[in-house]
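K.L.:
So the chains spell out like this:
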Amino acid sequence: MLAWLANPAWLLIGAGLLLPLLPYRLRQGLLVLAPLLAAGWLWTMPQPTVVTAMALGYELTPLRLDGLAFVFALIFLIAAMLAGLYMLHLRSRMEPASALVYAGAAVAAVLAGDLITLFVYWELTALASALIILANGPQTYRVTLRYLLIQVSSGLLLMAGAIVHIRATGSAAFNELGLDAAGGWLIFAAFGIKAAFPLLHNWLQDAYPAASPSGTVVLSAFTTKLAIYALARSYAGTDILIPIGAVMTAFPIFYAVIENDLRRVLAYSLNNQLGFMVVGVGIGSELALNGTAAHAFTHILYKALLFMSMGAVLYRVGTVNGSQLGGLYRSMPYTTVFCIIGAASISAFPLFSGFVSKSLILSAVGYEGAWLVWLVLIFASAGVFHHSGIKIPFFAFFAHDSGIRCQEAPGNMLLAMGLTAAACIGIGCAPGLLYGLLPYPVDYAPYTGSHILSQMHLLLFSALAFTVLMRTGIYPPELRSTNLDFDWVYRRWAPAVIERGMSGLAAARNGLHQSLNQAARRHVQGPRGKRVESILAGHAWTTGSMVLAVTLVLVLYLLSYFS
Amino acid sequence: MSEDRNSSAHAWSVRPALVNRIVYTLYALCALSVVLDLFVHRHEKFAFAGSFGFYAGYGFVACVALVLAAKGLRRLLMRDENYYGEADD
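If you read the protein sequences in the order shown, they are chains Z and D. Residues in the first sequence are numbered consecutively from 1, following this note's numbering. Residues in the second sequence are numbered consecutively from 1001, following this note's numbering.
No lab work stands behind these hints, which were simulated from the structure alone. Keep in mind it's a predicted model, so treat the numbers as computed, not measured. Honestly, I wouldn't trust all of these hints.
Chain D stretches covered by chain Z per the calculated footprint, using a threshold of three residues with CB under 8 Å from any CB of chain Z [said to hold, decoys possible]:
hint, region
1, 1023 to 1037
2, 1069 to 1075
Label-pair restraints from in silico Cβ distances [as the list claims (entries may be wrong)]:
hint, chain 1, residue 1, chain 2, residue 2, range
3, Z, Pro333, D, Gly1072, 29 to 39 Å
4, D, Gly1050, Z, Gly432, 25 to 35 Å
5, Z, Ile425, D, Leu1076, 34 to 44 Å
6, Z, Ile425, D, Thr1025, 16 to 26 Å
7, Z, Ile425, D, Ile1022, 19 to 29 Å
Note that beta-carbon positions come from the ideal geometry of N, C-alpha and C, so glycine has one too.
Can you build the whole structure from these sequences, using the hints too?
P.N.:
Written as structure tokens, this is what we have:
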């Protein structure tokens, strides 16, 4: 038992379970102190640390700390602390408690050394994060169920893959897996769902904007980066990840340009940033894996900062629709500045954090000579600046005066944003701080004249394109709308097809029933005729066919219910 | 959205002159950075990326193409805000 609980992650999970029982002041303290203490504990643990325990007849590894696990666990704990600070004003219990359990489960999953332990915490992150969405109110019921359905299916795939893999190899170790066997493919699909691979991505854009202002900040940090860590652990150097990642960087940005809900814009841009990390895992060199870890680290911070600033707007104004905002910089000057710092970081401006992490991945792509992938990533980098760097702050805080006058964000939100912003600038100005945490030694200098100039060209001319398009009126205005994405397939198309198919089947069955009935009445006399009639009328169904029919109706009901 | 037309209303709107100044500064910075490209030898992994003004041209064209394509996508993909019947505001 102790082998399982003597784990920094359990400080968070335990605190989360305890939190609902405590008075407000203690809840506040716990939200910030638990992640801080856990981070301190993690920091002092020697590397490598491996703790094993017997369970279910297998030797499991509840804790394995090495360079790769350390950097992900550390940034998760930092993110948990900052998010805790950001939600300090909440009087409710469900969201803070779920947040602590969720963050703890994510850290525990990162520290898991075997697939069974990974599966347990993988599912715990799904449950706890679903509660965070649900905590925003009853209107989130259906989106929470959709989210949970997809997250739990990722877990089921992981379990199925783990069973197949363990039976085939006799080892439950959570290490390199590769795609040579069926188990590897199942686990790959499980990781792919949580990493929001193309066409498996919509749960992210669907669910994240549905959570509360602070809920989305929490959600943005863990699930997807846990998947990136898992991919880096088990599929480093798997070639197929390079095209998958490249597509991920490019296609969400088209949606980001036309999306009106600014938190959904950020969800699309989160998806795009994951693409860079997936490419890094696919390349799999030490430079590329360092790049993936570094980019996950900086990305968690600047994405949290951007979600915090939009959350503050939502908290004060009640909406984050670009079409309804504008001119807020006078009401919320600090939030504006913090948002711009987040925007500069995600856009990879020199002296901001994105600049020193993304360039590791781009450089690794360059060493591979993959020029087409490189061109896609550069396109996506320019696009990121366009929609996250310019669009978010511009439409929220500048553009036209929307007439909205509101208060600045609450003090705890400002403090959380301020600390996160300081971290973004700190890493950007002193990249050695970050490079020192990476799993492999770093021999890379981001601040060369050549690199600064090329990046400034990219950014300045992206800004120029935005300016020209705005001034000529070509830039599409923010409109209240829903843009169809792949989720349309399972929210509209599939239910409609099934409904049409079922009503067609019913009509065919009725037609057949009637014509056979008539034929039977015409040609068959006596008790035999009656029997034919009673079978056709459904009186003689077997138990098996009834069960099948009930199952079908249930599945149909579920599908139409969640759509 | 009704605008606040009291005496302080002017302070809330961004003056066109200021916007123009920002835009002209951007133009100047763009020009300056391209001129700088004549004097700085950039080290690039791909030969084509080393050509004069590559990132400037690519960044500009990429963003214009992105916006035009996204605008076209709107015709195909845009539906009413309450299309799925779950709008919460």
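K.L.:
Is 29 to 39 Å respected by the C-beta to C-beta distance linking Pro333 of chain Z and Gly1072 of chain D?
P.N.:
holds (37 Å)
K.L.:
So does Ile425 of chain Z sit 34 to 44 Å from Leu1076 of chain D, Cβ to Cβ?
P.N.:
Once the Cβ atoms are compared, 41 Å apart, the range 34 to 44 Å for Leu1076 of chain D and Ile425 of chain Z holds.
K.L.:
Between Ile425 of chain Z and Thr1025 of chain D, does the beta-carbon spacing fit 16 to 26 Å?
P.N.:
22 Å Cβ-Cβ, so the 16 to 26 Å window holds.
K.L.:
With a cut-off of 8 Å between beta carbons, are at least three residues of the region 1069 to 1075 of chain D near chain Z?
P.N.:
holds (count 5)
K.L.:
Is the hinted range of 25 to 35 Å satisfied by the C-beta distance from Gly1050 of chain D to Gly432 of chain Z?
P.N.:
holds (28 Å)
K.L.:
Within the region 1023 to 1037 of chain D, is the number of residues with a Cβ closer than 8 Å to a Cβ of chain Z three or more?
P.N.:
holds (count 9)
K.L.:
Does the beta carbon distance between Ile425 of chain Z and Ile1022 of chain D stay inside 19 to 29 Å, or does it fall outside?
P.N.:
holds (22 Å)
In summary, the structure agrees with every hint in the numbered list given earlier.
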